[in-house]
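J.: Listed below are the residues making up each chain.
Protein chains: 2
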Amino acid sequence: MNDAKTVLPDACTDALTPFLRPELFRALGDPSRLALLARLAATPGAQSVTELSSCCGVHFSGVSRHLKILHDAGLIDVERQGREALYRLDCGALALALRGMADALEACQASCCGPRGAEGDCRRA
Amino acid sequence: MNDAKTVLPDACTDALTPFLRPELFRALGDPSRLALLARLAATPGAQSVTELSSCCGVHFSGVSRHLKILHDAGLIDVERQGREALYRLDCGALALALRGMADALEACQASCCGPRGAEGDCRRA
DNA sequence: GGAATATTTGCAAACTTGCGCAAGTTTGCT
DNA sequence: AGCAAACTTGCGCAAGTTTGCAAATATTCC
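Heads up: the sequence lines are chains A and B, in that order.
Counting with my numbering, you get residues 1 to 125 for the letters of the first sequence.
Counting with my numbering, you get residues 1 to 125 for the letters of the second sequence.
Hints are computed from structural coordinates only; laboratory data are not their basis.
Given the structure is predicted, the values throughout are model-derived calculations rather than measurements.
Careful: at least some of the hints might be erroneous.
What the hints assert, rightly or not - Reference excerpt, derived from the structure (chain B facing chain A, CB under 7 Å, subset only):
(1) 12
(2) 25
(3) 69
(4) 107
(5) 108
(6) 109
Glycine residues also receive a C-beta, built at the ideal position from the N, C-alpha and C atoms.
Produce the entire structure from the sequences given, and follow the hints as far as they go.
T.: Below, the structure is given as C-alpha cells:
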C-alpha cells in the first residue's frame with residue numbers, strides 16, 4: 001500500500017466544500033420534515049402551520065419548530081400575514097443545493113481519476 | 001382561506017416519495033461523515049479505515065461506525081481485502097439520489113402551479 | 001376592552017447520537 | 001502456535017433531538 005495517498009488539495013475539494021453543509025442535510029434527515037416538504041411541494045400556494053400540521057402526525061407546536069428548522073436551512077420561505085405564518089417551498093434553493101453537490105462530486109471523481117480511467121479509477125470497480 | 005387545500009395525490013407526490021429517505025440525509029447530516037465523503041471523493045482509489053481516520057479528528061473506531069452508516073445509506077462501497085476494509089465512494093448512487101430529488105421537486109412545482117404560473121403560483125413570490 | 005384564533009416558546013420526558021476506550025474478531029506473518 | 005495489525009462492537013457518558021402540553025405572544029373581530 002502506498003504510504004502517502006495523494007489527497008488532491010485542488011479545485012476538486014474547493015468546488016465540493018461549499019455544498020457540504022451538515023445543517024442542510026440534518027434538516028432533511030427527519031421523516032416529519034420530509035413529509036412537510038413533500039406537502040409544500042405538492043400543494044399550490046403557501047400554507048399555514050395549522051394546515052401543514054395535518055400532513056405528519058405531529059402536534060402543531062412541533063410542526064412550527066420543524067418549519068423553523070427548514071427555514072433556517074434556507075429551504076422554505078415565510079410570509080407573515082395577519083396572525084398566520086404562510087410557508088412556501090424555496091424549490092430553487094433546494095434544487096440548487098442538491099444539484100450543486102451532485103455536480104461537484106462527479107467533477108471530483110472525474111478529475112481525481114483522470115480522463116482515461118487509468119490506475120486508481122474510482123468508477124465502477 | 002380555502003378550507004380544503006388541494007393536495008395533489010398524483011404523479012407529483014408519487015415521483016417525489018422514493019427520494020424522501022431520511023436515513024440518507026441523516027447520513028449526510030454530520031460533519032465528520034461529510035469530511036469522509038469529501039476525502040473519498042478527492043482521493044483516487046479505495047481507502048482503508050485507518051487512512052480515512054486522518055481526515056476528521058475522530059478515533060478510528062468512530063470512523064468505522066461512520067463508514068458503516070454511509071454504507072448502509074448506499075453511499076459507499078466496501079471491499080474486504082485481507083484484514084483491511086477498503087472503502088470507495090459510490091458517486092453514481094449519491095449523484096442519482098440528489099439529482100433525483102431535485103428533479104422530482106421541480107417537476108412537482110411545475111405540475112402543481114400549472115404551466116402559466118396561474119393562481120397559486122409557487123415560484124418566486 | 002375582551003374573546004377567539006394562530007403561532008411561538010418554555011419545560012420536561014423519552015429517545016437518539018457521537019465519542020473514546022477497552023475488549024473481541026479476523027487475518028497475516030514468522 | 002504466537003503475535004501484531006486492522007477493523008468491529010459493547011459500554012457508558014455527555015450532548016442533542018423530537019414531542020406534547022401548557023403558558024406566552026401576537027392579531028383580528030366583536
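J.: Does each hint hold? Answer for all of them.
T.: Hints, one by one, checked against the model:
With 7 Å as the threshold, the beta carbon of residue 12(B) comes within range of chain A, its nearest partner Cβ sitting at about 5 Å, so the hint holds. Checking residue 25(B) against chain A: minimum C-beta separation of about 4 Å stays under 7 Å; hint holds. Interface restraint check: residue 69(B) against chain A, minimum CB-CB distance 11 Å, threshold 7 Å, status violated. Interface restraint check: residue 107(B) against chain A, minimum CB-CB distance 9 Å, threshold 7 Å, status violated.
Taken as an interface hint, residue 108(B) checks out: its beta carbon lies about 4 Å from the nearest beta carbon of chain A, inside 7 Å. Interface hint at residue 109(B): satisfied, since its Cβ lies 5 Å from the closest Cβ of chain A, which is below the 7 Å cut-off.
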